[in-house]
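Engineer: Sequence:
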Amino acid sequence: MTHNIINQVRQNIPLIHHITNDVVMNFTANGLLAFGGSPIMAKEEKEAGAITELTDGLLLNIGTIQQPEVAAMFSSGKTANDKGIPIVLDPVGVAASSFRAEAVQMILKQVQPTVIKGNAGEIAFLADVSWDTKGVDAVGNGNTEEIAYLVAKKYQTAVVVTGETDVFVVDGNLFTNQTGHPLLTKITGAGCLLGSIMAACLSTDFSIEKQLLAALEFYGGAAAYAAAQPHTKGPGTFLPAFLDALSFNWETIKGDTSWTN
Numbered sequence: 008m009t010h011n012i013i014n015q016v017r018q019n020i021p022l023i024h025h026i027t028n029d030v031v032m033n034f035t036a037n038g039l040l041a042f043g044g045s046p047i048m049a050k051e052e053k054e055a056g057a058i059t060e061l062t063d064g065l066l067l068n069i070g071t072i073q074q075p076e077v078a079a080m081f082s083s084g085k086t087a088n089d090k091g092i093p094i095v096l097d098p099v100g101v102a103a104s105s106f107r108a109e110a111v112q113m114i115l116k117q118v119q120p121t122v123i124k125g126n127a128g129e130i131a132f133l134a135d136v137s138w139d140t141k142g143v144d145a146v147g148n149g150n151t152e153e154i155a156y157l158v159a160k161k162y163q164t165a166v167v168v169t170g171e172t173d174v175f176v177v178d179g180n181l182f183t184n185q186t187g188h189p190l191l192t193k194i195t196g197a198g199c200l201l202g203s204i205m206a207a208c209l210s211t212d213f214s215i216e217k218q219l220l221a222a223l224e225f226y227g228g229a230a231a232y233a234a235a236q237p238h239t240k241g242p243g244t245f246l247p248a249f250l251d252a253l254s255f256n257w258e259t260i261k262g263d264t265s266w267t268n
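Numbered continuously in our numbering, the sequence shown closes out at residue 268.
Since the hints were made in silico from the structure, they are not lab data.
Mixed in with the good hints there might be a few duds.
[Unchecked claim] The calculated label-pair distances, taken between Cβ atoms and stated as ranges, are:
{"id": "1", "residue 1": "Lys53", "residue 2": "Ser105", "range": "23 to 31 Å"}
{"id": "2", "residue 1": "Gln185", "residue 2": "His10", "range": "16 to 24 Å"}
{"id": "3", "residue 1": "Pro247", "residue 2": "Thr71", "range": "34 to 42 Å"}
{"id": "4", "residue 1": "Thr183", "residue 2": "His10", "range": "17 to 25 Å"}
{"id": "5", "residue 1": "Leu61", "residue 2": "Thr192", "range": "13 to 21 Å"}
It should be emphasised that the depicted structure is a prediction, and the values quoted were computed from it without experimental measurement.
Note that the Cβ used here is the ideal one computed from N, Cα and C, for glycine as well.
Produce the complete structure using the sequences and hints provided.
Structural biologist: In structure tokens form, the structure reads like this:
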């Protein structure tokens with residue numbers, strides 16, 4: 008199924024609108040292009056909705072959010088809801104400040120996301136569950152399945168909790184993914200790019216659980232494949248290898264036993 012979903016993305020080349028983290032815009036654009044989608048980024052409120060209307064998916068990422076961008080997210084989100092365009096909401100560092108927390112709550116009051124994706128600390132915060140965080144990173148431990156269920160029920164949406172084992176809930180059903188590699192935690196924007204890849208997969212004709220599993224499985228597999236290459240020595244050499252791997256087909260990545268064994 009992962010193979011079929013990725014092939015459909017690459018056949019359709021979905022246009023994904025990003026209102027996203029300034030730190031990761033270039034990496035996200037290059038990663039989505041490698042995967043097979045097409046990025047567009049517009050943060051001005053006066054055009055955000057019109058841009059979204061032209062696209063196949065929307066990513067709302069609050070990583071470096073400023074007040075004017077909140078209005079742009081409202082406009083884009085409402086347009087996406089009206090047009091049936093899938094939305095991925097990434098509440099980056101939502102627990103780090105009251106401004107971020109209030110911005111996410113305002114967005115969720117006006118926009119219905121298809122998926123909320125975050126690390127355990129971010130999702131726990133939305134579930135009103137205590138979880139240790141450091142800046143935008145989760146550093147504590149707890150029950151990721153519980154917080155996924157709580158947020159999915161609270162906001163009536165699919166929820167993805169990323170981590171060593173990814174956990175996601177769709178329509179009350181729990182799923183997991185175990186592909187990935189620790190080097191993803193040593194580069195900036197790995198989670199942000201994943202949100203973009205998810206938005207691209209959500210543009211296909213498959214069920215949400217299959218779309219999310221394909222995005223997570225392929226993304227984690229590409230990371231493990233890149234890390235296993237002989238020329239990968241650390242984060243610096245991992246990064247270009249990872250971008251290359253995102254462009255490969257699933258059979259190539261899955262068939263490399265250097266990371267699957």
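Engineer: State for each hint whether it applies.
Structural biologist: Going down the list of hints, with the structure as the test:
Here the CB-CB span from lysine 53 to serine 105 is close to 28 Å, well matched to the stated 23 to 31 Å. Take glutamine 185 and histidine 10: their Cβ atoms lie about 18 Å apart, and the range 16 to 24 Å holds. A hinted range of 34 to 42 Å is violated for the C-beta pair proline 247 and threonine 71, which are about 24 Å apart. Restraint check, threonine 183 to histidine 10: a C-beta distance of roughly 20 Å satisfies the suggested window 17 to 25 Å.
Judged by the Cβ atoms, the range 13 to 21 Å given for leucine 61 and threonine 192 is violated: they are separated by roughly 35 Å.
The structure is inconsistent with the numbered hints 3 and 5, although it conforms to all the rest.
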